[in-house]
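Colleague: Letter by letter, the chains look like this.
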Amino acid sequence: MTTDTINESLADDHHGDSHDHKMTGIKRWLYTTNHKDIGTLYLWFSFIMLLTGGALAMVIRAELFQPGLQIVEPDFFNQLTTTHGLIMVFGAIMPAFTGFANWMLPMMIGAPDMALPRMNNWSFWILPFAFAILISSFFMESGAPNFGWTFYAPLSTTYSNGSTAFFVFAVHIMGISSIMGAINIVVTIMNLRAPGMTYMKMPLFVWTFFITAYLLIAVMPVLAGVVTMLLTDTYFGTSFFDAAGGGDPVMFQHIFWFFGHPEVYIMILPAFGIVSTIIPAFARKKLFGYSSMVYATASIALLSFIVWAHHMFTTGMPLFGELFFMYCTMLIAVPTGVKVFNWVATMWRGSMTFEMPMMFSIAFVILFTIGGFSGLMLAMTPIDFQYHDTYFVVAHFHYVLVTGSLFSIFAGTYYWLPKWTGHMYSESLAKWHFWCSIISVNLLFFPMHFLGLAGMPRRIPDYALQFADFNKWVSIGGFAFGLSQLIFLAVVLKCIKGGEKAPAKPWDGAEGLEWEVASPAPYHTFSTPPKVD
Amino acid sequence: MNEQAKSNNKVIKKLVLTVFAMFGFGFALVPLYDVFCDITGLNGKTNTAAATYDDDGIDTSRSIKVQFITRNAKAVPWQFKPVINEIVVHPGEMKFVNFYAKNESKRAIVGQAVPSVSPGLAANYFQKIECFCFTQQPLQAGEEVEMGLQFYVDRDLPDDISTLTLSYTLYDISDKADS
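Residue numbers (numbering that gives the first Met the number 0), protein chains in the order written: chain H, 0 to 532; chain L, 0 to 178.
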C-alpha cells in the first residue's frame, strides 16, 4: 500500500504543478480555499494572539511583581485580566486547534480537502475582525471589557463600563467562526474518509476533533444566546439577569457555565488527540487501548454537560445540588485517568527516543495530570469554599491550559513541522525552547497553588505583604516563560527558511496517511483517495 | 461528486438545525429555570402573588424567628428599613409588620422591592397574604410611607429550620415603571 500511495501522491504533485491556480501575494491568502493554506493562517493567527495575550499577562505580572499599585490602575488591571483570558481562550488555543484540524484532518483520512472549503475561508477571515473589535475597545473612552472573561451579570450589565456591546459582537463573531469550523470538521470526517477507513480505524486525533466539533456545535449557540441576553439587558431594557425586573443574576451563571464547562473540554480534547498521536510514534508501540481512548473521550464529552454548577458552589446551592455536581465532577476523573494510564502504558517498555515532540508530550502527561489533580481538589464542595476565587484556581486552569493545551500545540507543531515546511527544525534551538519553557512555566504556576491556599484572591492588582516573595518568583517565571516563546518563533521561522531536508516520514515510528505524502506536503494531496485496509 | 454534495448537504442541514435548536435552548433555559426553582423551591424566591390564609390552626409547639433586612440597590436615594428587625412567630400564625420608606431625593422615584428568603428551601413555606413588594411604590420627592407586609409561616416548614431571614432589595425602576 505504501509505495502505491507515494506514487499516487507524486502524480498528484505533478498534476498540481501544471494546473495550479495558486494566486500570488495577499490574494492567495485572502481567497484561498486550500485546507493547508487555511490551516497555516489559523496557526499564525493563533500565535499572534498568543503573543498579544501574553503581552497583557506580562503587564499583569509586572504589576504583581511587588505589593502596592505601581504600573496600572485597578480598573485597567481588570481590563487586562479580562482580555488576557478572552484572547487566550478564543484567540490562541481554539484557533490553533482549528488550524491543526485544517492541516491534518484531510491528510489523515485521505481526503483531498475539507468538505466545505469556501466556508472554511470565511470562518477564518471573520476571526481577525472579531479580535480587532475586542482589542480596539482598549483605545476607546470606555476602555476594554473589565468584568472578567466570565462576564458575570450584573458586572457586565448594570455596572458595565460601556464596552459590553463591543464585547458581545466580538464574541458573536468568534462563535460563528467556531461553529462554521466545527460543522466543516464533522462533515469532512463523516463524508470524506478514504474507502476502508471505518470509524474505529480513524486515528485518535481524528476522533478527538470529531467529538470536540460536536461539543462546539452544542454549546457555542448557548454562548451566543447568553451574550445576546446580556446585550438586551444592558441596552434594550430587558431583565433576564436584573432582579429589579424579575430576572435573576444567578441564572446568568447557570447559562454561562452550561456553555463554559464543555468549553474547557473543547480546549483539552484535541490536546489528548495530539498527544495520543505522538507518544506511540516515539515509543514505537501501538497506542495502548485505542477503543478505550475513544470511549473515554466520548464519556468526558457527555459528562461535561452535567457538571457546570461546580463553578458555582458558593452561590448558595442546596446540599443536594452540591453533592450531585461534586460526584459528577469527580466521575470525570475516571475516563481522564483511563487516558493517562493508556499514555503511560504506551510508553511502558517502548523503545523510546526523546525528540522535541515527545519531550513536550511527556511534559504534557505529567503537568496536565497535576492540573487534573488540582481540579479534583476543587471539585470537592467543602474544600472549594476555601479555594474559590483564589490563586489556587488560577494555578489549576493554567496547568491544564498552558502545560496542557499549549504544550500539546507545541508538541504537535514540532511533530508536523517537517511535513509542513519540508525541513527539520533545529533540534538544539528547540531544546532551548523546551527547557526554558518547562522550568519557567513551573516557576510561574506552581507557587500559585500555595498563594491560593494561603488566601490570595484572583483578579486583584494588589496583595498583602505576606504574598510578596512568592509573587516575585511567579513574575520572574512569567517573564521568562513569555520570552521563551520567542525562541519558539525563532525555531519555526528558521525551519521555514531552510534546514536539513525532511524525508516523507521523518519519525520512524510514526503512523498515518499524512506520512505517505512528500515533505513538504504538496499543495493538493489525495485527489484520488488512498486505499485503507 | 454530485452524490458527495448531496450527502454533505444532508449532514449540514442537521448540524445547522442543531445550532439553531441549541440557540433556542439557551433562551428556553430562562423559563425552565423559573419553573425548576418554583417546583423545587430552590433559590429563595417567594411567591409573587398573594397567598390565601388557610385556617388550619396554629402550631404553638414551635417558634420560628423571622428576621427582616433591607438593602438599597445601586444607591437608590431612599431611606428603607423594617420598623421591627425581627419577630417570633408560631407556624400558622398570621402577623402584620411594617416597613418604612422615605424618598430623600428631590425627584419622584418609583421603587420596587424584591424579596428573597434564606435559607432558600424555606421560601416556599413563607406565605405572604399582602405585601408591598407585589406592587410598585411611587414616592414623590421627600414623601414617606409605611408599607405593610402580612404573612404566616407554613406549618409544614421542615423541622431543622428555626430562623428565617427575609431580605428586601430596593430597586429604582422609574424608567421601567408602568405609567
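Calculated from the structure, these hints are not laboratory results.
Check each hint, because a few of them may be wrong.
[To be verified] Below 30 Å or equal to it, Euclidean Cα-Cα: the simulated BS3-like pairs (lysine-lysine) are: (1) H:K530 <-> H:K500; (2) H:K200 <-> L:K13; (3) L:K5 <-> H:K200; (4) H:K21 <-> H:K284; (5) H:K200 <-> L:K9; (6) L:K175 <-> H:K200; (7) L:K175 <-> H:K21; (8) L:K101 <-> L:K12; (9) L:K175 <-> H:K530.
Colleague: All the hints need checking, so say for each whether the structure fits it.
Modeller: Hints and how they fare:
no. : hint              : result
1   : H:K530 <-> H:K500 : holds (28 Å)
2   : H:K200 <-> L:K13  : holds (25 Å)
3   : L:K5 <-> H:K200   : holds (25 Å)
4   : H:K21 <-> H:K284  : violated (40 Å)
5   : H:K200 <-> L:K9   : holds (24 Å)
6   : L:K175 <-> H:K200 : violated (60 Å)
7   : L:K175 <-> H:K21  : violated (59 Å)
8   : L:K101 <-> L:K12  : violated (59 Å)
9   : L:K175 <-> H:K530 : violated (67 Å)
In summary, the structure is inconsistent with hints 4, 6, 7, 8 and 9 from the numbered list given earlier, while agreeing with the others.
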